[in-house]
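Colleague: Given next are the chains, with one letter for each unit.
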Amino acid sequence: MGTVKIPIGPQHPALKEPESFLISLNGEKITDVGMRLGYNHRGIEKAAEGRTYIQNMPLLERVCGICSHSHSTAFSQAVEEIAGVEIPKRAKYIRTIIGELERVHSHLLWLGVAGHEVGFDTLLMYSWRDREVVMDLLAEITGNRVQYAMNALGGVRRDIDKEKQEHILKAVDVLEERTKYYINIATKETTLIKRLSGVGSISKEDVIKLGTVGPTGRASGVTRDIRKDDPYAAYADMEFNVITDTHCDVYGRAVVRLLELMETYKILRQAVKNIPDGDVSVRFPRRVPAGEATSRYEAPRGEDVHYVKANGTDKPERVKLRAPTMANLQSVAKMLENNNLADVPITIAAIDPCFSCTDRMIKIDNVSSGKLEMITWGDLRNQSIDFYKREHGLDFAELNKKYRERGTL
Amino acid sequence: MTELSRENNIKDQLLVKFKFLGDKIVVKRDRRISADVDLLNFREVFSYLVNDMGFLRICMITGFDEGENFAAKYHLTDDKGIVFDLKTYIPKTNPVIKTVSDIISGGLLYERELVDMFGIKVEGLPEGERYPLPDGWPEGQYPLRKDWNKDMLKD
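Going down the list, the protein sequences come from chains A and B. Under our numbering, the residues of the first sequence are numbered 1 to 409, in order. Under our numbering, the residues of the second sequence are numbered 1 to 155, in order.
For reference, chain B alone in the conformation it holds in the complex (with noise of 0.2 Å):
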């Protein structure tokens, strides 16, 4: 597997960094790797990949309604062309997590539509506009969760 080289060298040393990450970080083929992590360490994983091993740039941030929880998966790249998808989970009874724009700009958009989509706070999320639903929406109603409808939105 020396095509792997590459990213089994970054699965090493995320591993050396944080041994709690263990089975969770896999390389999944050349050019991806993909990691769960829970929420305490979030962050600091996060901030670790993008300050210390060049993942630069957010592409989008992929939110899930699973059930019992919630789950954003951040999707990183970096100048080499590897994507590390970083996915966290966030409980229902406080869908609360912290924004990421403090460590990496660029990403605002995403954490907007975690708003909107999935009703989860984003703690330290700059005021804005909303994205991307409208104004006039009605509380409560998050598009994206697995037990909404369109006829919800009926009186």
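For reference, chain A alone in the conformation it holds in the complex (with noise of 0.2 Å):
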């Protein structure tokens, strides 16, 4: 029988995001992968040069919808290198504890979507039901579950104050004892150890040839962690193990980004405890000096890359950026290659590409009270529109009308 070509994507239920894959078949056994991008560019790069550094900290936050953070504290990076800025060190401790709690929710997410993925869907309700104990944890420090906005150039926006440290550190035990609890499922629990492993093997030749990044990089036994190699924020100050394993499939990989979860808390700890006083955040100018600089994060799933161009006006010349999943993406084929059809929607999950769901509704602890109350996507636009009335005298209630009649609301 000949080659037979299926194309995945852009649109499928088994991607989360649009891409598209045209998988080359010879029987169940893919012969050749072709993949094509792009479907989700939305032209950052050039929106960011028509805007200020202000306005361009809440456009890189939404560069992603799971590593806001990671986006935010490498863009804020570049641009205080330039500036010559020396932030706080409460604050680089802040942008720590955020970012590793940042790491704990993006992790337990993968868990739980690589658990559906292969059918074990306890596993998917498990993690995800855990993940929201750091989910609310991160709600109450920054009032957002999602798009934290915790940075702001020179600094950051909010202080950890003793309750909610203390906080941090009970959601810390119980998260590790659930984390002990996967990790003992993922070395005992023989379905999963034989469906996960050999599949989407790849050699750390192929890992360092290619540039993979993060956890998919270190399931292949590099040892490359931005936090340890180019420390930034307060990591230089932490103790921790960078996680590498040698099974170079999918399992490593699972493997990988359990026992971080470990290391992570280990830092969350340490960062509690030592945080110092001071201030969060100092005063940054407008107009930022001629200058470029390149900063690095380990983002959950790996390196981002920002380069940043100053100009000496209060508008950047150029914003360069590079995801991770860029980086992963170009070893998804020579992942695929040999493995069957079956395995391509684990295989393409196991790099934890990143996509975003923010819509929700809100579940508000009404203090006064004590009752709880529902607020619901009509309350919430009900609220907005009286909002621009009062403080911009804008009155968009017959626009709503109007819109409700369509039905498009």
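One should not assume that every hint holds.
In silico DSS-like pairs for lysine-lysine, Cα to Cα no more than 27 Å straight-line [unchecked claim]:
| no. | chain 1 | residue 1 | chain 2 | residue 2 |
| --- | --- | --- | --- | --- |
| 1 | B | LYS146 | A | LYS309 |
| 2 | A | LYS209 | B | LYS92 |
| 3 | A | LYS334 | B | LYS150 |
| 4 | A | LYS309 | B | LYS24 |
| 5 | B | LYS28 | A | LYS309 |
| 6 | B | LYS80 | A | LYS89 |
| 7 | A | LYS315 | B | LYS92 |
| 8 | A | LYS309 | B | LYS87 |
| 9 | B | LYS11 | A | LYS209 |
| 10 | A | LYS46 | B | LYS121 |
| 11 | A | LYS46 | B | LYS150 |
| 12 | B | LYS80 | A | LYS266 |
| 13 | B | LYS87 | A | LYS46 |
| 14 | B | LYS98 | A | LYS46 |
| 15 | A | LYS309 | B | LYS98 |
| 16 | B | LYS92 | A | LYS46 |
| 17 | A | LYS309 | B | LYS150 |
| 18 | A | LYS315 | B | LYS87 |
| 19 | A | LYS209 | B | LYS80 |
| 20 | A | LYS309 | B | LYS11 |
| 21 | B | LYS80 | A | LYS309 |
| 22 | B | LYS154 | A | LYS46 |
| 23 | A | LYS309 | B | LYS92 |
| 24 | B | LYS28 | A | LYS89 |
| 25 | A | LYS89 | A | LYS204 |
| 26 | A | LYS209 | B | LYS87 |
| 27 | A | LYS228 | B | LYS80 |
| 28 | B | LYS28 | A | LYS315 |
| 29 | B | LYS146 | A | LYS315 |
| 30 | B | LYS150 | A | LYS204 |
| 31 | A | LYS315 | B | LYS150 |
| 32 | A | LYS228 | B | LYS11 |
| 33 | B | LYS146 | A | LYS46 |
| 34 | B | LYS121 | A | LYS309 |
| 35 | A | LYS209 | B | LYS146 |
| 36 | B | LYS28 | A | LYS228 |
Source of the hints: derived by calculation from the structure; they are not laboratory data. None of the values given here were measured: they were computed from a predicted structure.
From these two lone chains plus the hints, build me the complex, please.
Modeller: Spelled out as structure tokens, the structure:
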């Protein structure tokens, strides 16, 4: 039988975001993989050139829904380096804490997705339930479950007080216990081990050659972690190990992420214990002197790189960034070679490609009455209409009514 | 400045091999080195960095529209955490640069970005899908050129 070509994507139930793969098959075996990317290209680099540094902070934070803190930290680090501004030590610790909490939520999310892709939905339910612990914590500290908006040029926007520090330590205890349970499953549960072993293999040599980053690279025995190699924020003060594995397959990637979580808890405990007193931000100039800087950050998925060139005005001359998935996608074709068609979803999911999902209802604990209230999408809309009327004299009520009648709301 | 000994060693080693780099090579801080090189010598310096100095990984390529010319900055890293930014200049009259995919793999997508976003021709780039613009994107529209704006897309 000759070669059969199967398109997967750009819209496909097995993919969580639009990419297009053209898989060539000989029987069940994959012989070649073609890839088409760019469906999510939003022109952020061009947009950044037309905005001031301050306006760019929320823009760059929205590069990714999951690694939002990673991108805004990488960007602010670059701008701060050009401006020659040293942020307070306490701000560095807070950036580290948020960064590690982000890693916890991202890795637990991945664990659930991986479980789902191999038909182990109990793992999905469990790990996403536990993920809520860290999501609630992030919401408490930053006000948001995602897009934390913690970073400002020159430091961070919110402090983490004693009470919140206690909550972090308590949550870390819970999460650590749960992670131990998952490590136990991953190392003892035969079905899971057999399903993931030998799937999506990539050798250490290929990982180095293709520039694969993060847990995907570390699962093939490459000891590369920006937190250790090129320390930023408060990582130089932290004691932790870089977790590697030599399985080189999807199983290795699962083990690395789980064991990495244990190191993250170590970092969180140290950061909370040793956080220095002082300010959380310094004054940052509107205009940034001409110069350039390359900044790197170890996001949950791997190395995140930002480059900023300043021209002395309040807007950057050029902003360039590369998210870890971009580096890792180049290795997916190699991983899929000689695998079965049925292994495509989990192999792609194993590099943890990034997707965002932020639509939600808000549940607020009403402090004065002690009651739980549900705020619906419609309530939120009405609140924002009132806000614009009150604060800016703009009335969107008519427009809102029109949309409602058309059924587009 | 003993802290910067690793970075200065790399700089000295390069200066011995490529005298023309002169003051174009700068150690900016710990773990950050950058150099400017003209297009003629670019490939030679680039392959020396990759093959002899251990800068085995390409992080990304930043393209620039600098008015009279284009430029491309190749961000290379080694496994000790050092980033080497090598910049070269490409004339607008003949915007062509040779691919580096024969020297280092893993940079294909970044080279395709130069093609789509700046209209820089990359010679020797293997055949493949374009990135990142859609298939129906109009000819001659290069979004990251400084004279481009979104209104130019309208008929």
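Colleague: Hint by hint, note whether the structure agrees.
Modeller: Verification of the supplied hints:
Proposed proximity of B:LYS146 and A:LYS309 is supported: the alpha carbons are some 14 Å apart, at most 27 Å. At most 27 Å may separate the alpha-carbon atoms for a hinted pair to count; A:LYS209 and B:LYS92 exceed this at roughly 32 Å. For the hint linking A:LYS334 to B:LYS150, the alpha-carbon distance of about 37 Å lies beyond 27 Å, and the restraint is violated. With a CA separation close to 17 Å, the supplied pair A:LYS309 and B:LYS24 stays within the 27 Å bound.
Between B:LYS28 and A:LYS309, the direct Cα distance comes to roughly 14 Å. Compliance with the 27 Å bound is thereby established for this hinted pair. For the hint linking B:LYS80 to A:LYS89, the alpha-carbon distance of about 25 Å falls within 27 Å, and the restraint holds. Simply put, A:LYS315 and B:LYS92 have alpha-carbon atoms about 25 Å apart, close enough for the 27 Å limit, and the pair holds. Our distance criterion of 27 Å between C-alpha atoms is met by A:LYS309 and B:LYS87, whose separation comes to about 13 Å.
Annotation: proposed proximity of B:LYS11 to A:LYS209 holds, straight-line Cα distance about 24 Å (limit 27 Å). With a CA separation close to 20 Å, the supplied pair A:LYS46 and B:LYS121 stays within the 27 Å bound. Our distance criterion of 27 Å between C-alpha atoms is met by A:LYS46 and B:LYS150, whose separation comes to about 10 Å. With a CA separation close to 24 Å, the supplied pair B:LYS80 and A:LYS266 stays within the 27 Å bound.
Between B:LYS87 and A:LYS46 the CA atoms are separated by roughly 20 Å; this keeps the pair inside 27 Å, and the hint holds. Between B:LYS98 and A:LYS46 the alpha-carbon distance is near 25 Å, which keeps this suggested pair within the 27 Å criterion. Distance hint between A:LYS309 and B:LYS98 is fulfilled; the C-alpha atoms sit about 25 Å from each other, no more than 27 Å. Between the alpha carbons of B:LYS92 and A:LYS46 the distance comes to roughly 20 Å, so the proposed pair stays at or under 27 Å and holds.
Restraint check for A:LYS309 and B:LYS150: the C-alpha separation of about 22 Å stays at or below 27 Å, so the hint holds. The straight-line distance between the Cα atoms of A:LYS315 and B:LYS87 is roughly 22 Å, inside the 27 Å bound, and the hint therefore holds. With a CA separation close to 16 Å, the supplied pair A:LYS209 and B:LYS80 stays within the 27 Å bound. Restraint check for A:LYS309 and B:LYS11: satisfied, since their Cα atoms lie roughly 23 Å apart, inside the 27 Å limit.
Using a Cα cut-off of 27 Å, the hinted pair B:LYS80 and A:LYS309 holds, with the two alpha carbons roughly 25 Å apart. At most 27 Å may separate the alpha-carbon atoms for a hinted pair to count; B:LYS154 and A:LYS46 meet this at roughly 18 Å. Taking the CA atoms of A:LYS309 and B:LYS92, the gap is near 20 Å; set against the 27 Å cutoff, the hint holds. A hinted pair counts as satisfied when its Cα atoms are at most 27 Å apart, and B:LYS28 with A:LYS89 qualifies at roughly 22 Å.
Under the criterion of a C-alpha separation no larger than 27 Å, the hint pairing A:LYS89 with A:LYS204 is inconsistent with the structure, at around 37 Å. A C-alpha spacing of about 22 Å is found between A:LYS209 and B:LYS87, which places the hinted pair at or below 27 Å, so the restraint holds. Between A:LYS228 and B:LYS80 the CA atoms are separated by roughly 9 Å; this keeps the pair inside 27 Å, and the hint holds. Between B:LYS28 and A:LYS315 the alpha-carbon distance is near 22 Å, which keeps this suggested pair within the 27 Å criterion.
At most 27 Å may separate the alpha-carbon atoms for a hinted pair to count; B:LYS146 and A:LYS315 meet this at roughly 14 Å. This hinted pair does not check out: B:LYS150 and A:LYS204 have alpha carbons roughly 43 Å apart, beyond 27 Å. Using a Cα cut-off of 27 Å, the hinted pair A:LYS315 and B:LYS150 holds, with the two alpha carbons roughly 19 Å apart. Restraint check for A:LYS228 and B:LYS11: the C-alpha separation of about 23 Å stays at or below 27 Å, so the hint holds.
For the proposed pair B:LYS146 and A:LYS46, the alpha carbon gap of about 9 Å is at most 27 Å, so the pair holds. For the proposed pair B:LYS121 and A:LYS309, the alpha carbon gap of about 23 Å is at most 27 Å, so the pair holds. Taking the CA atoms of A:LYS209 and B:LYS146, the gap is near 34 Å; set against the 27 Å cutoff, the hint is violated. Between B:LYS28 and A:LYS228 the CA atoms are separated by roughly 20 Å; this keeps the pair inside 27 Å, and the hint holds.
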